[in-house]
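> The chain contents come next:
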Amino acid sequence: MADITKSPWIMHYDASSCNGCDIEVLACLTPLYDVERFGIINTGNPKHADILLITGSVNTQNQEVVKQLYEQMPEPKVVVAIGICACNGGVFKECYNVLGGVDKVIPVDVYVPGCAARPQSIVDGVVKGLGVLKEKREAMKKKA
Amino acid sequence: MGNRSVIPFGPQHPVLPEPIHLDLVIEDEKVVQAIPNIGFIHRGLEKLVQKRDFTDYGYVVERICGICSYIHGMSYYEVIEHIMGIEIPERAKYLRTIWSEMSRVHSHLLWLGLLADGFGFEALFYQCWRLREKVLDMFEASTGGRVVFSVNTIGGVLKDMDSSMLKSFVDIFQDMDKEIHKCCDIFLKDYTVETRLKDVGILTKENAVLLGAVGPTMRGSGIAVDTRKKYSYAAYDKLDFEPCVAYEGDSFARCLVRIEELYQSIDLIRQAVDKIPAGDIITPYKGKPNGEFMFRAEQPRGEAIYYGKANGTNHLERFRIRTPTFANITPMLNILAGAQLADVPILVLTIDPCISCTER
Amino acid sequence: MSDLYEIVPITPEQLPIVAMEKKAQGGRLVQICATRRPNGYEVLYSFDVETQLYNYRLDIDEGVEVASISEIFPPAFLYENEVSELFGVPIKGISIDFQGKLYRIEATTPFKD
Numbered sequence: 759m760a761d762i763t764k765s766p767w768i769m770h771y772d773a774s775s776c777n778g779c780d781i782e783v784l785a786c787l788t789p790l791y792d793v794e795r796f797g798i799i800n801t802g803n804p805k806h807a808d809i810l811l812i813t814g815s816v817n818t819q820n821q822e823v824v825k826q827l828y829e830q831m832p833e834p835k836v837v838v839a840i841g842i843c844a845c846n847g848g849v850f851k852e853c854y855n856v857l858g859g860v861d862k863v864i865p866v867d868v869y870v871p872g873c874a875a876r877p878q879s880i881v882d883g884v885v886k887g888l889g890v891l892k893e894k895r896e897a898m899k900k901k902a
Numbered sequence: 007m008g009n010r011s012v013i014p015f016g017p018q019h020p021v022l023p024e025p026i027h028l029d030l031v032i033e034d035e036k037v038v039q040a041i042p043n044i045g046f047i048h049r050g051l052e053k054l055v056q057k058r059d060f061t062d063y064g065y066v067v068e069r070i071c072g073i074c075s076y077i078h079g080m081s082y083y084e085v086i087e088h089i090m091g092i093e094i095p096e097r098a099k100y101l102r103t104i105w106s107e108m109s110r111v112h113s114h115l116l117w118l119g120l121l122a123d124g125f126g127f128e129a130l131f132y133q134c135w136r137l138r139e140k141v142l143d144m145f146e147a148s149t150g151g152r153v154v155f156s157v158n159t160i161g162g163v164l165k166d167m168d169s170s171m172l173k174s175f176v177d178i179f180q181d182m183d184k185e186i187h188k189c190c191d192i193f194l195k196d197y198t199v200e201t202r203l204k205d206v207g208i209l210t211k212e213n214a215v216l217l218g219a220v221g222p223t224m225r226g227s228g229i230a231v232d233t234r235k236k237y238s239y240a241a242y243d244k245l246d247f248e249p250c251v252a253y254e255g256d257s258f259a260r261c262l263v264r265i266e267e268l269y270q271s272i273d274l275i276r277q278a279v280d281k282i283p284a285g286d287i288i289t290p291y292k293g294k295p296n297g298e299f300m301f302r303a304e305q306p307r308g309e310a311i312y313y314g315k316a317n318g319t320n321h322l323e324r325f326r327i328r329t330p331t332f333a334n335i336t337p338m339l340n341i342l343a344g345a346q347l348a349d350v351p352i353l354v355l356t357i358d359p360c361i362s363c364t365e366r
Numbered sequence: 138m139s140d141l142y143e144i145v146p147i148t149p150e151q152l153p154i155v156a157m158e159k160k161a162q163g164g165r166l167v168q169i170c171a172t173r174r175p176n177g178y179e180v181l182y183s184f185d186v187e188t189q190l191y192n193y194r195l196d197i198d199e200g201v202e203v204a205s206i207s208e209i210f211p212p213a214f215l216y217e218n219e220v221s222e223l224f225g226v227p228i229k230g231i232s233i234d235f236q237g238k239l240y241r242i243e244a245t246t247p248f249k250d
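Residue numbers (this note's numbering), protein chains in the order written: chain V, 759 to 902; chain L, 7 to 366; chain U, 138 to 250.
Honestly, I wouldn't trust all of these hints.
Said to hold, decoys possible - Label pairs and their in silico Cβ distance ranges: (1) V:Glu833 to U:Gln236: 23 to 31 Å; (2) V:Asp792 to L:Asp177: 47 to 55 Å; (3) L:Asp168 to U:Ile233: 32 to 40 Å; (4) U:Glu143 to V:Lys825: 48 to 56 Å; (5) U:Glu158 to L:Asp243: 41 to 49 Å; (6) V:Arg795 to L:Pro14: 34 to 42 Å; (7) V:Glu833 to L:Ile13: 54 to 62 Å; (8) L:Arg10 to U:Glu143: 34 to 42 Å; (9) V:Glu833 to L:Lys211: 33 to 41 Å; (10) U:Val186 to V:Asp792: 33 to 41 Å.
I should point out that these hints are in silico values taken from the structure, not numbers from a laboratory.
From the three backbone atoms N, C-alpha and C, an ideal C-beta is built for every residue, glycine too.
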């Protein structure tokens with residue numbers, strides 16, 4: 759925890775989730791779980807965001823939206839897939855309008871399983887994401 | 007005649023966590039017409055009924071939506087029980103009622119929070135969600151799950167609550183009642199809130215019927231219809247309550263109905279705990295369903311319709327869910343026409359949209 | 138709850154008349170639901186008049202056109218778009234016709250097989 763020096767901003771997108779994970783993501787931001795204590799702020803603007811929290815699996819219609827959001831985020835960026843649907847499609851895997859996990863469309867750095875994912879594991883996933891973000895930032899510095 | 011232009015609203019936007027896209031045709035600042043554009047979270051789970059056994063499909067139905075999950079699951083099993091002619095034990099009926107009402111409390115608190123966030127009152131949003139966490143803790147204590155808790159099954163429920171747990175829940179709700187009063191007084195009396203909600207987005211009584219509104223959206227327009235009252239499923243026929251109504255039809259009326267329903271739900275839980283009989287919680291069953299049934303339940307967002315058709319095999323032929331938001335979309339379009347562009351987020355929120363439910 | 142079982146069979150020609158009648162009684166449209174049967178469809182229309190549910194069922198063969206009731210009950214447009222997109226029941230005269238693009242899914246009429 760002591761090595762967290764930056765305040766990463768997160769953005770949440772609901773791909774085709776059932777709301778279960780979405781409300782748990784929101785619950786994380788409210789006082790009881792409070793990820794804001796790590797300096798994290800929820801933003802709606804992809805250009806402000808460092809971490810993309812994505813819930814639900816992708817389908818043909820929203821895969822473009824997901825791609826665009828991801829491309830608009832500045833480097834370095836981290837994608838956290840929340841819930842089993844975002845990881846691999848979950849209970850809806852066999853549905854005709856579900857392509858599968860988010861990693862079919864964009865690279866995913868942290869997978870948070872669960873149906874719905876518990877706030878504790880979401881917070882854990884975000885903190886793991888902070889580690890990945892740091893590594894990516896350092897890799898970028900070396901390159902430059 | 008001002009300049010006409012079309013503004014796309016959504017799918018990714020700050021007011022709702024869920025994706026919905028509206029094409030707003032506006033004239034200067036005034037919305038002339040709104041055209042919905044859905045399908046971002048359509049999964050097609052009604053089709054899954056042909057791939058899953060009727061005993062397993064309930065788990066899929068529960069995952070239509072994470073907010074209304076409990077009542078969706080319960081209604082699926084009610085349909086199967088009606089088709090198969092299974093009479094569930096009295097105690098199970100009461101337990102279903104208690105969990106249903108707890109779901110309503112959590113859903114309405116969630117909505118109040120989102121509404122507060124919608125008009126920029128962040129502290130109130132956090133207070134509502136803080137209260138909501140207490141309900142989720144009770145869910146966790148009684149079922150093991152916070153959001154989706156597959157506690158129903160064909161013939162009854164899987165988990166029982168002992169009397170000390172039930173009593174402790176009533177005590178927690180008693181304390182919450184005071185805190186909810188404090189929060190809701192702000193919604194009902196605060197000047198800022200009033201200016202955002204009063205006389206905004208009026209849905210007349212005639213339009214509410216014609217456009218097929220359901221739930222608090224309908225009751226906010228002066229129609230005292232509550233599915234729990236009319237088709238008393240679970241143990242609602244043994245409890246004493248009247249539908250909550252408001253007559254103005256504006257955003258404030260819809261907010262008022264939901265606040266009153268919060269108190270009503272707490273009262274219903276108290277009544278159910280007083281009356282709950284001892285006994286079994288599950289009736290064993292044999293065979294496979296054959297026949298059809300249509301079931302109506304009152305979700306936090308309004309009346310939901312569940313239609314099941316079985317043919318005596320392991321798979322149902324059809325299971326159809328008409329969710330309350332699907333019915334409330336047309337009234338929402340009516341409310342939006344004529345509104346100011348800046349009011350659109352609040353107006354969309356006042357029907358308590360649940361897009362996951364709508365698109366399934 | 139016995140009244141929930143009552144489903145009255147009607148023909149496509151009778152449908153607008155039934156809908157007009159329910160509207161005149163101050164009813165509201167509750168839902169429209171299609172079910173696939175071999176070589177055809179069952180389309181179930183439910184209306185609510187003073188909390189009493191009335192169900193009517195069309196039993197049609199594949200390809201039979203059904204008139205839209207969205208002019209009588211505006212919310213019907215969503216249900217009718219859904220039925221025609223997912224099941225492939227041809228419905229003519231929908232007030233806002235999405236032309237099979239309500240959900241904008243990749244698969245065509247997935248409920249047909």
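> Hint by hint, note whether the structure agrees.
Hint check:
Restraint check, V:Glu833 to U:Gln236: a C-beta distance of roughly 41 Å breaks the suggested window 23 to 31 Å. For V:Asp792 paired with L:Asp177, a C-beta distance near 26 Å fails the hint of 47 to 55 Å. Between L:Asp168 and U:Ile233 the C-beta distance comes to about 53 Å, which lies outside the given range of 32 to 40 Å. The supplied range of 48 to 56 Å is met by U:Glu143 and V:Lys825, whose beta-carbon atoms lie about 50 Å from each other.
The hinted window of 41 to 49 Å between U:Glu158 and L:Asp243 is violated, with their beta carbons roughly 31 Å apart. Distance hint for V:Arg795 and L:Pro14: a CB-CB separation of about 36 Å, consistent with the stated range 34 to 42 Å. Our hint of 54 to 62 Å for V:Glu833 and L:Ile13 is violated, since their Cβ atoms are close to 31 Å apart. Our hint of 34 to 42 Å for L:Arg10 and U:Glu143 is violated, since their Cβ atoms are close to 48 Å apart.
Between V:Glu833 and L:Lys211 the Cβ separation comes to about 55 Å, which falls outside the hinted range of 33 to 41 Å. As the Cβ distance of U:Val186 to V:Asp792 is approximately 50 Å, the hint placing it in 33 to 41 Å is violated.
When each numbered hint is compared with the structure, violations occur for hints 1, 2, 3, 5, 7, 8, 9, 10.
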